[in-house]
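Please work from the sequences and hints to get the whole structure.
Number of protein chains: 4
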Amino acid sequence: MLIDTTYPKSFASDNHAGVHPAVLEAMASANAGDAPAYGGDDWTSAFERQIKHIFGEQANGFAVLNGAGANLIGLALSLGRFDSIICPESAHIATHETGAAERLLGVKLTPVPTIDGKLRPNDITDRLHVLGAHHEVQPTVVSISQVTELGTCYTPDEIAALAETAHSANLRLHVDGARLSNAAAHLDCDLRTITTDAGVDIFSFGGTKNGAMAAEAVILLDPSLSKAVPFLRRQSLQLASKMRFISAQLTALLTDDLWRQNATHANTMAHRLADGVKDLPDVGIAFPVESNAVFASLPRDAVRTLKERFRFEYWDENINLVRWMTAFDATPDHVDDFLAAIRKAVTR
Amino acid sequence: MLIDTTYPKSFASDNHAGVHPAVLEAMASANAGDAPAYGGDDWTSAFERQIKHIFGEQANGFAVLNGAGANLIGLALSLGRFDSIICPESAHIATHETGAAERLLGVKLTPVPTIDGKLRPNDITDRLHVLGAHHEVQPTVVSISQVTELGTCYTPDEIAALAETAHSANLRLHVDGARLSNAAAHLDCDLRTITTDAGVDIFSFGGTKNGAMAAEAVILLDPSLSKAVPFLRRQSLQLASKMRFISAQLTALLTDDLWRQNATHANTMAHRLADGVKDLPDVGIAFPVESNAVFASLPRDAVRTLKERFRFEYWDENINLVRWMTAFDATPDHVDDFLAAIRKAVTR
Amino acid sequence: MLIDTTYPKSFASDNHAGVHPAVLEAMASANAGDAPAYGGDDWTSAFERQIKHIFGEQANGFAVLNGAGANLIGLALSLGRFDSIICPESAHIATHETGAAERLLGVKLTPVPTIDGKLRPNDITDRLHVLGAHHEVQPTVVSISQVTELGTCYTPDEIAALAETAHSANLRLHVDGARLSNAAAHLDCDLRTITTDAGVDIFSFGGTKNGAMAAEAVILLDPSLSKAVPFLRRQSLQLASKMRFISAQLTALLTDDLWRQNATHANTMAHRLADGVKDLPDVGIAFPVESNAVFASLPRDAVRTLKERFRFEYWDENINLVRWMTAFDATPDHVDDFLAAIRKAVTR
Amino acid sequence: MLIDTTYPKSFASDNHAGVHPAVLEAMASANAGDAPAYGGDDWTSAFERQIKHIFGEQANGFAVLNGAGANLIGLALSLGRFDSIICPESAHIATHETGAAERLLGVKLTPVPTIDGKLRPNDITDRLHVLGAHHEVQPTVVSISQVTELGTCYTPDEIAALAETAHSANLRLHVDGARLSNAAAHLDCDLRTITTDAGVDIFSFGGTKNGAMAAEAVILLDPSLSKAVPFLRRQSLQLASKMRFISAQLTALLTDDLWRQNATHANTMAHRLADGVKDLPDVGIAFPVESNAVFASLPRDAVRTLKERFRFEYWDENINLVRWMTAFDATPDHVDDFLAAIRKAVTR
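Heads up: the sequence lines are chains A, B, C and D, in that order.
Everything in the first sequence is counted per my numbering, starting at 6 for the first residue and increasing by one.
Everything in the second sequence is counted per my numbering, starting at 6 for the first residue and increasing by one.
Everything in the third sequence is counted per my numbering, starting at 6 for the first residue and increasing by one.
Everything in the fourth sequence is counted per my numbering, starting at 6 for the first residue and increasing by one.
These are calculated hints, taken from the structure and not from any lab test.
Quick caveat, the model's predicted, so the values are computed rather than measured.
Each hint should be verified, as a subset may be incorrect.
Here are the simulated DSBU-like pairs of lysine-lysine, each with C-alpha atoms no more than 35 Å apart in a straight line [as the list claims (entries may be wrong)]: (1) K57(D) <-> K14(C); (2) K232(A) <-> K57(B); (3) K312(B) <-> K57(B); (4) K312(C) <-> K14(D); (5) K312(A) <-> K232(B); (6) K349(B) <-> K14(A); (7) K57(C) <-> K312(D); (8) K232(C) <-> K57(D); (9) K283(B) <-> K312(B); (10) K283(D) <-> K312(D); (11) K312(B) <-> K57(A); (12) K57(A) <-> K232(B); (13) K14(B) <-> K349(B); (14) K14(D) <-> K57(C); (15) K232(A) <-> K232(D); (16) K232(D) <-> K14(C); (17) K14(B) <-> K232(B); (18) K312(B) <-> K232(A); (19) K232(A) <-> K57(A); (20) K57(B) <-> K312(A); (21) K283(D) <-> K232(C); (22) K349(C) <-> K14(C); (23) K312(C) <-> K232(B); (24) K57(C) <-> K312(C); (25) K232(D) <-> K312(C); (26) K14(A) <-> K57(B); (27) K312(A) <-> K349(A).
Anything over 12 Å on all C-beta distances counts as not near chain D; from chain A, calculated [unchecked claim]: (28) I56; (29) D88; (30) V117; (31) H139; (32) V234; (33) A279; (34) P293; (35) T310; (36) L326; (37) D341.
Backbone N, C-alpha and C define an ideal beta-carbon position, used for all residues, glycine too.
Here's what the structure looks like:
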């Protein structure tokens, strides 16, 4: 059955993009007859070696199916029966995973209000007075997102400060890295600089938003935690039987820094978009543009007009805040076409 | 990174096979620029229409990522806080999903010993005396596998009898259809005959073992249950953001009965294998060959010799029982090569 | 073994009090030879009749072991797999039950900041925009405490307004009534006025803080919900085998309005305490005194001095806020003795 | 409200008995004014010291509200997210706790068929082949009941053998000691002989069936596990605010070996009952009488006749198997009266 559909360019999410050709090619190439299932194949071994190469010998990577799955498995390793997660109020795990943390992990989130999506060390220390009180849940892990849900990035120093604060209270630091590539591209650093070298304990590396079809990695820097992951991955419904096709996607992105090329391009397109509206008096940029997201406020009428032709998200309807996202496949023409429409909508 | 691997033909599982070319082509074809995420795309709509076309207008299909996920979501719909599932002792949900039912659904399984993997109506009625006793879990759903874990098939009448027994006690009938195609091919009937028409309430349709990369469907025949599935799918980590690539796989298999072609071929290869050993005095066939699995017992030495060259599973080492599986991509030559090795191994 | 201990009068919590003599007598009187276990006894039947007599024929009461258990069972009835509870940030279920809601119910709490512990109708409506969005948990129940955790009371009209708002969005209204008696005493109304007649769906009636040893009731006004409770109570570890001794405690409190006598006395003692400090310039009363709790702020030094002799809680050390509670067994002399010490401590 | 009920002597369960006068007296004596809540009181400290005195300095005891709660907390300490419990098929946790292990702990039980309710070492070793296989749950604890659900007792040597087998595979041994007293009385040994000295890791000591109102203890022999218990107890709804009244019950039973006196008496009454029927040709004793339970088979008509006047349980109606239990408060006259009725019923 041929589906002959062409959707207009979307600024709603980087997951509206398709698959990078190199990823698709890698998947086709992995379709080479029979192979062991559940990760016992050479494509998966190659992925696992790449992770050690990039993040250090102590790093162990596990391919999974989606970002919520990567978060759940990564967090599960630090959480017992009466524990809690300190995270920003805007965290994806707190807002957009249909309560998976509570239902599947059985833990409480302790959400912290933030201005820009970024947690600060004192946000942790302020919530540690409950330690030891048996009527209250016990924080054992701090979870941040890099890039944050508001498009901002933690610097390596900011992450290191959070790690130090967490570790000094015996908590682990977890990073939801659904857009880790975009952060490394923005910061112009290695992936390792904002993870292994900054003291992160457990993190995810997002492939899907970077050009994969459906592939993410959970990465652990403490080898003693690795033993549990295969069980957790299987039980959490995050293991594909034909795992080689998941691993091949990640391998394609991690080879020759394709991840950086894709992320840098997406970020550049976001800056082009932000730059194009900065002089419009009716448009405000809400947060620093540090990745592939632009949060803008503009008149309600303009939003309505724009939504007739373009897909993007109302982030907060009460304050007319919208989110525009770009992906690896956006072209300058796409952005300029959108910019022209924005200009027209706000100047009517 | 090019992985240049060639594994020998595997008889270990139908998930050692690769992806059918038509499926891969459908996925590439879905890579047509941007599209709405999370299933709001035309490929997913096409899949949903196919399900109604095949299983009836009351049927609603939801694409998911793997068989364990399909089972979990399908079963969740019938299970409250103190409920239980009646299933054969050999059920996949009871043995090979790392306790996902207990952990993620929080329910008890009531496993029933069987001779051939098939539940009988009195296996249900025998376990209903607990209804109403508040110290005991309450069965609310019966779950069977079609094909069973032992390679046998339920006839439409056998399913209808189970459905009637379940319904008369107010229980639902769930079918783990990871190999539903193989059953329909063996029984030479429509998919609908062993599901909708036989009184099944909820079932899965397995794509992965039939030639997909990673795609299964949860199908409900009671439309009132459908509202909950998007929430359950999201929370259970079974929703892909780029859902079109999952839907496209299922669509490819459901178009022009590719599923039947693949399943018939796999079944034929299993029969070829079973026929080839039936005259060997040291080899016994343990269960009727009614799908793409052959369960055979043969001398321990022969197993050891064969395992040096071929992949297959020891099903029960205590009784020298092995499982040989065939998939859509096995050729007569593959089977004959294996047969020659078996003959040699048992006649040494 | 004789424990010969005498603790000083405590103002830390009404659960520091002992057991009212009439309750102890009722328990001893229930020790009349053998009786059916698990609630099949006449003491439990008598309790169940009392509940109908007090709250209406549609009311069904179930005796349980403690307040957290009563909350858990009462809330479980309204919560599916992807649901959430809207409650004040100060709610006992959110702060002092070691994450039981998340762990045992698997749901998310949506805590709402309040000024005085009391939820308002717009606190509900403001959180309903997520309804239908399958990436977000779905609120199905609103839970309030009467008396609130800050010692304040909802008027019957305030409860009715919350019930109406909840019901119009298809949510249920649950009341944590650990101190329901104190509210009815303060409002000078029947228990029924603030529950059945105000539109509450499910609530608890607290016995322990009112003079019982360990006995609470879960009360439902929708008879169709009752069938599940025995199963939930057993599974949630809230069923005593010798249930008659739990029922007898509740019966004692519900007979001849002993609950009101105890609550009124406790409230009166709190007012005596609040009245005694209101003219002290260094002592501020933080919330209206509408039950048996006084929240006061006073100099840190005074707190330290007082804590040498008296037990009470630091509610918020950052703002020098303390909580003083009175119970059925406090005497005017106890209060006056404490008042003398407070006066001395603040005037040093 | 006076409930003036007299039920006939029950042989249905030892939890149909009332409360031993010494226990009631201890509770009344604990009602001495105010005391710290949640276990910070002298009655609880006294109980904790008794546990160390009886079971060894490394033992830590925690008072809880019921047997199911004691089991749940005791087992939780050994169970992670993908673990399982090996236990006899007849185990209380497997059959009569409404799936609390699956719901509240999220784990699978691996029930083992037994002849007499007793697990053997090879029942453990036979189930260890799954260790390391990530599609299967991992056994981490063996749970047995002493007295078993069929009224039989493990000898100290039998327990030691199970402990050794469990430990050599890195599993813990848990004992559901709801009737631990009856076992020690039957074996004529100290409580310590069948727990600490036999290599048990975690066990419960049942108060309720021994003459308490509602009081059990969870006892741990590995002090490093103790830290988690207060959190688990609170979260699992097993903490009473007025804890002193729970502790006082246990203290009463543990003082001057009242537990042994009560258990010995109950056991003696069971033997009197068994001895009284052993010569009746139509009555068969199903299991060795080693505690306070007699399992007998007798004609269906006789059961029907007896049930008109006496309470007891049909254990398995298919084979006419009944259970008769005696408690601390049964008198020789009660037993003889029942025996006369049995004789009459079977000889009609």
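Outcome of the hint check:
1. K57(D) <-> K14(C): Roughly 31 Å between the alpha carbons, so the hint for K57(D) and K14(C) holds.
2. K232(A) <-> K57(B): violated (43 Å)
3. K312(B) <-> K57(B): At roughly 44 Å apart (the allowed maximum being 35 Å), K57(B) and K312(B) break the hint.
4. K312(C) <-> K14(D): Cα-Cα ~53 Å, so violated.
5. K312(A) <-> K232(B): holds (27 Å)
6. K349(B) <-> K14(A): Outside the cut-off at roughly 62 Å; violated.
7. K57(C) <-> K312(D): Holds - the C-alpha atoms of K312(D) and K57(C) are around 32 Å apart, at most 35 Å.
8. K232(C) <-> K57(D): The hint is violated at about 43 Å.
9. K283(B) <-> K312(B): holds (20 Å)
10. K283(D) <-> K312(D): With Cα atoms ~20 Å apart, K283(D) and K312(D) stay inside 35 Å; holds.
11. K312(B) <-> K57(A): holds (32 Å)
12. K57(A) <-> K232(B): violated (43 Å)
13. K14(B) <-> K349(B): holds (18 Å)
14. K14(D) <-> K57(C): holds (31 Å)
15. K232(A) <-> K232(D): holds (25 Å)
16. K232(D) <-> K14(C): holds (30 Å)
17. K14(B) <-> K232(B): Cα-Cα ~43 Å, so violated.
18. K312(B) <-> K232(A): Within the cut-off at roughly 27 Å; holds.
19. K232(A) <-> K57(A): Holds - the C-alpha atoms of K57(A) and K232(A) are around 16 Å apart, at most 35 Å.
20. K57(B) <-> K312(A): holds (32 Å)
21. K283(D) <-> K232(C): Violated: K283(D) and K232(C) sit about 43 Å apart, past 35 Å.
22. K349(C) <-> K14(C): Roughly 18 Å between the alpha carbons, so the hint for K349(C) and K14(C) holds.
23. K312(C) <-> K232(B): violated (56 Å)
24. K57(C) <-> K312(C): At roughly 44 Å apart (the allowed maximum being 35 Å), K312(C) and K57(C) break the hint.
25. K232(D) <-> K312(C): Given that 35 Å is the threshold and the Cα spacing comes to 27 Å, the pair holds.
26. K14(A) <-> K57(B): Judged against 35 Å, a Cα distance of about 31 Å means the pair holds.
27. K312(A) <-> K349(A): Holds. K312(A) to K349(A) sits at ~13 Å (cutoff 35 Å).
28. I56: holds (19 Å)
29. D88: Label violated. Min Cβ-Cβ 9 Å, cutoff 12 Å.
30. V117: holds (22 Å)
31. H139: H139(A) not clear of chain D: closest Cβ-Cβ about 4 Å, inside 12 Å.
32. V234: Given that some Cβ of chain D is not farther than 12 Å from that of V234(A), nearest at about 9 Å, it is violated.
33. A279: holds (43 Å)
34. P293: P293(A) clear of chain D: closest Cβ-Cβ about 39 Å, beyond 12 Å.
35. T310: holds (50 Å)
36. L326: It holds; L326(A) is separated from chain D by about 39 Å at its closest Cβ, greater than 12 Å.
37. D341: holds (50 Å)
This entry does not satisfy hints 2, 3, 4, 6, 8, 12, 17, 21, 23, 24, 29, 31, 32, going by the numbered hints stated previously.
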